[in-house]
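Engineer: Using the hints provided, position chains B, Y, W, X and L relative to the given structure of chain C.
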Amino acid sequence: MGVQQNLKFDALVLGGGIAGLEAALNLAEQDFSVAVVEKDASIGGKMIRLSKVFPTLDCSSCITTPKMAAAAHHPKVTLLTYCELQSLERRGDELVALITQKPRYVDLEKCIGCRQCEYQCPVLVPDAEQGGLAARKAIYIPFSNAIPQKALIDPENCILCGRCEKVCPTQAVDFFQKVEDFTLTAATAVIATGFEMMPLEDKVQYGQGQIPDVITALQMERLLAPHGPYNRVLRPYDGKEPDSVAFIQCAGSRDQSMGVPYCSRVCCMYAIKQAMLLSGSLPLADLTVYYLDIRAFGKGYEQFFQNAQAMGVNFVKGKVAYVEPGEGGAVRLRYESQEAEGGVQVVEHDLVVLSLGLLPGWTPGASCALSTGADNFIKTVKPKLAPALTELSGVFVAGAASGPKDIVDSIVEAGAAAMEACRYLAARGFKAAG
Amino acid sequence: MEAEKYAGKILILATETCAYPGADAVGQGHQSYPANTYLLRVKDPVLFPEKFYLDCFAKGVAGIIIMSCGVESPYPGSYEALARRIDRVYPLMKAKGLDIRRLRLTAICTVCTRAFVNEVRQMHDLVSELGPPGRE
Amino acid sequence: MSDAPIEAESRKAALKKLIAARRPQMIAATARMKEQRRALKAIKEHLAGAELTVPEIAAATGLPVSEVLWYVATLKKYGEILEGTKAGAYFRYRLGQVVAAEAEPGSDE
Amino acid sequence: MFNPRDIIDLIAANVRQSRNPFGVPSTRFNTWWRKMPGFTRRPGEALLFTGLMYQAIPYIEATTRYLERLEGSRWADYLRWARFSRYLPGSLPGRGLSFLTSRAEKQKFNGILQTICRLLTKSGVGFFYHPEMDFYSGILLYDLGDQEGFEEHARFVVRNLKLHGVHKIITVDPHTTYALKELYPKYTGETFEVQPYFTLLRLSAGGGNGQGPVAIHDPCFYGRYLQLSEGPRQVLRDLGLKYVEVRNSGEFTSCCGGPAESVSPALNREILDRRVAELKASGAPVVTLCPICLANLLKAGLAVEDLASLAGRYC
Amino acid sequence: MALVNPNFAAELEAFGVDTALECFNCGTCAAICPLLYEHFPRKLIRYVQVGAEKKIMENAQDLWRCLHCGLCTRTCPRQANPGELILGLRRYVVARWRRP
Amino acid sequence: MAKKKKKTEPAPEAKVGVYVCHCGGNISDAVEVDQVCQHARRVPGVVVARDNMFLCSDPCQEMIIEDLKSGLVDRVVVASCSPSLHEATFRRALARAGANPYVYEHANLREQVSWVHHGAAATEKASRLVAAAAAKARLLRPLESIRVEVQRQAVVIGGGVAGLKAALELGERGLAVVLVEKSPFLGGQVAQLQRLAPFGETAAEVISELTGAVLKHPAITVHTCAEVEDFAGYIGNFKIKVVRQSPAGAVYADRLARLSRSGRGLGEYVPFVGVMPAAIPEGREEFDLEAGAIVLATGFRPYQPRAGEYGYRDFPEVVTLPELIRQLAAAEGAGDTLVLNGRLIRQAALIHCVGSRQIPGVHAENEGGYLNEYCSRTCCSATLYAANQIREQYPKTRIFDFYRDIRTYGRGQEELYTEAARNGTLFFRFEAGEEPQVSRNPHRTSNPLLVKVRDVLTFGEELEVPVDLVVLAVGQEPNDIAHLVENLKIPVGADRFLQEVHPKLRPVEVSVAGILLAGTCQAPFDVGETCAAAGAAAVKAAAILTRGYVELDPFVAEVDLSRCVGTGACVEACLAEGALALVNLEVEGQMVRRAQVNPALCLGCGACVAVCPENAINVQGWTLKQYEAMVDMIVSDEYLEERAEG
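Chains as they are written, first to last, in the working numbering: chain C, 21 to 454; chain B, 64 to 199; chain Y, 1060 to 1168; chain W, 167 to 481; chain X, 84 to 183; chain L, 1446 to 2091.
Bound conformation, chain C alone:
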């Protein structure tokens, strides 16, 4: 497939999550033109998929959507969604990115987001946006506050029945769309490719995803979100309102046997947050957090942890070693209680949430001359004085791309990366408004 077109911007931001959007907006605010390249069909990253966020407990969507809308409407920001970076290299003063536009099979210009197609489509597919706990269709809009609000077809599950095409008021469905490659040149780039959660299948001792009521923390976020799969917290085994929920911390991080020796940094706080939210929605439920060290290090975090204790969330020091199905949908855990009279305990909970390790969302591999640290996250060269600096001149990094990071730290770092990028542009004679 030949390269179709070449786009030119002052800056390229790789990743349309909160760090990428923040970096893009900061660059655009200084009148530099920015392209945001996002691999998913919507911008918003992990944050738009969360319920509420610590330590303020404000609704994640309410904080993310304004930034998403600001980026979508900013005249200096171009959003390129459902695009995959193939390579990024420096050629003289320019960075050249080869990008693949994945086919949506829906014309982005024509689609008006009415979802008629989705309602008509006969195929159900586990909805990854809802942690697989409910279904979407083979043609679908990713989620309710997705930007762009446009449909796409998942060809793996499409049966080409043509119903979507028939019902679309704008003839936007196009089964014949093809992969398109294009190049994008920019003077500077910000890598904001974020993180992925370690797959549940990797954790043999915790049932490898085979126990319905053992879920990932991201699935729990969906259960807690107001527009989640069940619209309330129910256990996935049979729809029961759980009486007791357990959180297993360091379920894959700080664990050399899992190949993730580092701390995933956000799990303590989100587990505390989820427990707090549960104590609101299920006031009678027993909530237990099994932990090694509670790492409530950020502003207002320790007080948040203390509040959770005061609210009756149970904190048990000890790493859960083994999880197995109990009777009637319950989940049985084994851990060592460190109390003198403790020892190995076998306890049952209705629902178990795993704080799985965070892994890099993207690794450059051969696509680009950036290397990674021992933790596989993007390597930074001056972690103290210039945390956004990478090995490649003019390429900066922000957020979880250079290691697990919470939202606040990611946003701040995105500002720093954007500043470095602006400075880099200014030094090369790129003019902002003035």
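Keep in mind that the hints are not guaranteed to be accurate.
[As the list claims (entries may be wrong)] Across the chosen pairs, the derived CB separations fall in these ranges:
{"#": "1", "chain 1": "X", "residue 1": "Pro183", "chain 2": "W", "residue 2": "Glu348", "range": "23 to 33 Å"}
{"#": "2", "chain 1": "Y", "residue 1": "Lys1103", "chain 2": "C", "residue 2": "Val116", "range": "49 to 59 Å"}
{"#": "3", "chain 1": "L", "residue 1": "Gly1905", "chain 2": "Y", "residue 2": "Lys1103", "range": "38 to 48 Å"}
{"#": "4", "chain 1": "W", "residue 1": "Glu436", "chain 2": "L", "residue 2": "Glu1907", "range": "26 to 36 Å"}
{"#": "5", "chain 1": "W", "residue 1": "Thr357", "chain 2": "X", "residue 2": "Gln162", "range": "19 to 29 Å"}
{"#": "6", "chain 1": "B", "residue 1": "Arg184", "chain 2": "W", "residue 2": "Glu436", "range": "54 to 64 Å"}
{"#": "7", "chain 1": "C", "residue 1": "Thr205", "chain 2": "L", "residue 2": "Arg1592", "range": "43 to 53 Å"}
{"#": "8", "chain 1": "L", "residue 1": "Arg1709", "chain 2": "X", "residue 2": "Asp101", "range": "41 to 51 Å"}
{"#": "9", "chain 1": "W", "residue 1": "Gly467", "chain 2": "L", "residue 2": "Gly1878", "range": "48 to 58 Å"}
[What the hints assert, rightly or not] Derived, one-sided and incomplete: chain L residues facing chain C with beta-carbon distance under 7 Å:
{"#": "10", "residue": "Ala1565"}
{"#": "11", "residue": "Leu1711"}
{"#": "12", "residue": "Cys1820"}
{"#": "13", "residue": "Glu1859"}
{"#": "14", "residue": "Val1901"}
{"#": "15", "residue": "Ala1968"}
Keep in mind that the hints were calculated from the coordinates and are not lab data.
Glycine is no exception: its CB is placed at the ideal position from the N, C-alpha and C atoms.
Structural biologist: Below, chains B, Y, W, X and L without anything else, positioned relative to chain C:
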């Protein structure tokens, strides 16, 4: 079918950062609610003086739901000022013989779809029960 | 409009090619869809005139309980069923007004 | 639980005396090869080294049944038994055991070794066997913490093997494999080329038809320590047999409880029951490849078979 | 009340007990252990760390419960090798028994 | 075409065009679009009402533009999907037509009508919403976004790494920067360290690099011994009065002595001092600075343990971590065992969370009645780094670490913890309220101190550790900047650190626009995090400064001088400090007190609108009159009357 059942108009003052997008989310979810509801987009309902509410009732509006951002308001202190104002509106309503339940102050966020529908349903039931303003 | 039939013809050919290229996944997806239809039909049948919890639906339909929940969540999302009253720690579900104009003639089955 | 100190002393004394943990001469129970064709040595060929584990199982089982009755009774003071045994002439407890052990049991375990030979031959593997080069590995001494005893015995075995110029070794059980492969180099400084038999098998048979899937119980030493769980699966695939994975397999396999036999039959039972439940959940007959696991799982009444026996039925 | 003895861990290195201090006392080994027995094996590892020689000898018999199944070592998040530590402690105790 | 019924209605010239979208059936399936248009035509002020399948399409936008250009309409109402999707689109279309983008009103007929209602009720509601929008549109006036000219200079307060980094970023961006530092030195608290956890960069290299670049940068001016005395103005136009004088008392005597002992000159880095860029001024100097934006980088100070806290001051062998770091730098290489001040350190205890994570009712408050409830974030790593340094350099010195939770959260930090364990550091865990007890050692060992702890890791057993040294890992406390806080009117959190507007939406901004936070004045941070925060503050400052003006939403309060009588009620109700004031004005030859809006500070919330007895103040674009007109249309049936005719 109760064709003659009174469905007085309900005014919803919805903040542009919280409740208005919340109402949009209800729409996206195709969650039906009574149609006698009129959303006005506002930056912050702290803008409206006591008189505004009384005038609305005088014009025939049967119920008003203020959907604010609550303490998460982008204008620090506005929610508290708003709450104090509404507290002053209630005695004025009583003085005019208006059931104070016709005016309700709530906080609705961008994804509070269930809360939105609940609030609307409750107010709808209330105004159906009370009839036109001033006749309670 | 005169060239429309030709366009339609080439489109038909292109579609044929596309179907041929996607054959394996289409066969699998169609099989899944048929199974889903059977499950959905069974669930909706048992909900006709009754409010049932997920375990009750599972018992009635013989489907695995977690699977029933998945279908129930989905039907709820697309407005076909509604959450009803609570029974102990479970919620009951009932048929709702169908939002999407579906009720297929089922000609392809 | 029995006093470990006494068990260690007893076993150490037995190994010193008879070069195996039972205090009976190995010739008394290492008899499986007698009715087999002679395995003559050809240059460069590997020694089949059984480590006497399969042969010994019926004796261990017999002992355990005896001990199981003692534990929890007022005879629980194993000390008495141990001390008593130590004052007996070396061969007497062995004779007693021999008496307690059924002929059918012995036949079963000997048969596995015979089948292994057949399978190796069928796979075109050149090997030889000589009972005078086949010793107990000393693994139990190592496990029990008798470092001196183990080292002494290991050096004895190594000396003997070197004397016969043995370099390549084919093993049949996980414990001996681990001892020879990992422990001997560490404690004697001598390295052999050690290969468990199943990694050498090159079988093919369509015999899987009609046979339902089997469930694999990975022994700890193969699955976890030596990370050889792919081996038996390959054998099954070669034979056209289907298998299912049970909860906890491969590197995360569950212990069957076998090693607890020597200190606490009650503990052994408890752990065994848990593993049996996991295996039973698969609904399939179980295949394993360790004499201790095999005997232990058989004891629980599970439908279990040695990998070699299963393979033997198909070719 | 016990006095911590940091030299004890060094003494044990002769018996191959050289990873005890890497343990951060998460309890995985105790909970994954098929024995499900009190704090075993972490208790003995902690005693090595703080140098509670006497306690180790008092609890020595527990060492022989271990099945040498290796699950603790496979799952130890710090790769402190608890299974080997237990075997090393057995060697230490046997040596002490033989040469008090 | 509708007739204007009442000539007395305001803005008689307003010609409203109404455009209703079918949204390809999304709206028209539930709403009778024809009828809505018919109804709209009867609404006062509406001159045209059109419908279309897709209004957002280019041809339809062109149609609207044509209507505007031809003079047919001068106000636009679009009734379609949610304004969040297309309000901006249509405002841009207005701008393309040469019209003011603010003479535009949006009615939401999709998310809030056709997707949630059915039948006649849906059409009626749509008609009423369109009528209301038209009524508002009729009252709309063209608005200009507010431009505030900006002084293209930033002032950075604080000369530690945060201030230096922020100044450097802005300077490199081509902006003028003035850095104001209270002490004679640059480098702040980092200059009091040696190596930085977890990667071991030296404080010397970090500070030398920063100060080197800052001091030689032509766009950056540095004033040391300088303090902010007074402050006025608003975003874009701050005025700061600075006093520069020799610091009072002997606060810096120790550092000055160290500097003179070192033999280093001005601009050179001296360990535990920092960089002195200029001589201490002789007299007192006052000057004014103008700034478009201000970056606060006032930093932290280490927690100072109370006398007796873990034996501090009672025993000379108890020191804080910063004190240890200094002593380590001076320690002589005495073989395998650490020697501090001539004393052999064979065993040392490190105690975490000193002055951090304090719990009300469990821990004692300080003299000021404060508890540091927060975690100081950096001490775990710093402590473990020190432990590793000692273990590696002095392998015979044993380290015992007493912690509540080990918080090595960041990149390279968990490795420090693993490394410490591998190095033989022995850990003990204590519960809050059961802190280790430090006392004289009564045992026969020669170590002078004994640390007792109920150790969670040892099943709650009481353990005793004889030691030669106890190191307290003290936390971070904000510097005392009460004067500045009062002057700048910036909020302080319960933890006494400066408070940002919102930790995620605006993490480096305070409620006073144009003032930004960098580093540990906001919360405890390590050096990397501080530099990131400084960068984030710089990018916000640069956005303000680079354009030379700030463009603010036109939706701010506006005083109608013909109605204002100067009651001052609005000033009292105002939520944004300084946005409203009573000023003396000359009206028709008379001096009167009238309200005046500072658009640069006004938030547009409307709190003032509600309280004005004369309705003399309104938020532009969202006036009370407009809302009243909308309500009138919602309750009116006039334009619906002939609905039965079809």
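Engineer: Please go over all the hints and tell whether each is borne out by the structure.
Structural biologist: Consistency of the hints with the structure:
Roughly 31 Å separates the CB atoms of Pro183/X and Glu348/W, a value that falls within the hinted 23 to 33 Å. The beta-carbon spacing between Lys1103/Y and Val116/C, approximately 55 Å, falls within the hinted interval of 49 to 59 Å. For the hinted restraint 38 to 48 Å between Gly1905/L and Lys1103/Y, the CB-CB distance of approximately 58 Å leaves it violated. A hinted range of 26 to 36 Å holds for the C-beta pair Glu436/W and Glu1907/L, which are about 34 Å apart.
Checked against the hint of 19 to 29 Å, the pair Thr357/W and Gln162/X passes, with Cβ atoms roughly 25 Å apart. A beta carbon spacing of about 58 Å between Arg184/B and Glu436/W agrees with the range 54 to 64 Å that was offered as a hint. Distance hint for Thr205/C and Arg1592/L: a CB-CB separation of about 33 Å, inconsistent with the stated range 43 to 53 Å. Between Arg1709/L and Asp101/X the C-beta distance comes to about 47 Å, which sits within the given range of 41 to 51 Å.
The supplied range of 48 to 58 Å is met by Gly467/W and Gly1878/L, whose beta-carbon atoms lie about 55 Å from each other. With 7 Å as the threshold, the beta carbon of Ala1565/L stays out of range of chain C, its nearest partner Cβ sitting at about 22 Å, so the hint is violated. Interface hint status for Leu1711/L: violated, as the beta-carbon distance to the closest one in chain C is roughly 23 Å, over 7 Å. Below 7 Å, beta-carbon pairs count as interface contacts, and Cys1820/L has one with chain C at about 4 Å; its hint therefore holds.
Nearest Cβ of chain C to the Cβ of Glu1859/L: about 5 Å, under the 7 Å cut. The hint holds. For Val1901/L, the interface hint holds, the least distance from its beta-carbon to any beta-carbon of chain C being 6 Å, beneath 7 Å. Residue-level restraint check for Ala1968/L holds (minimum Cβ-Cβ distance to chain C is 4 Å; threshold 7 Å).
Of the numbered hints stated above, those contradicted by the structure are hints 3, 7, 10 and 11, listed in ascending order.
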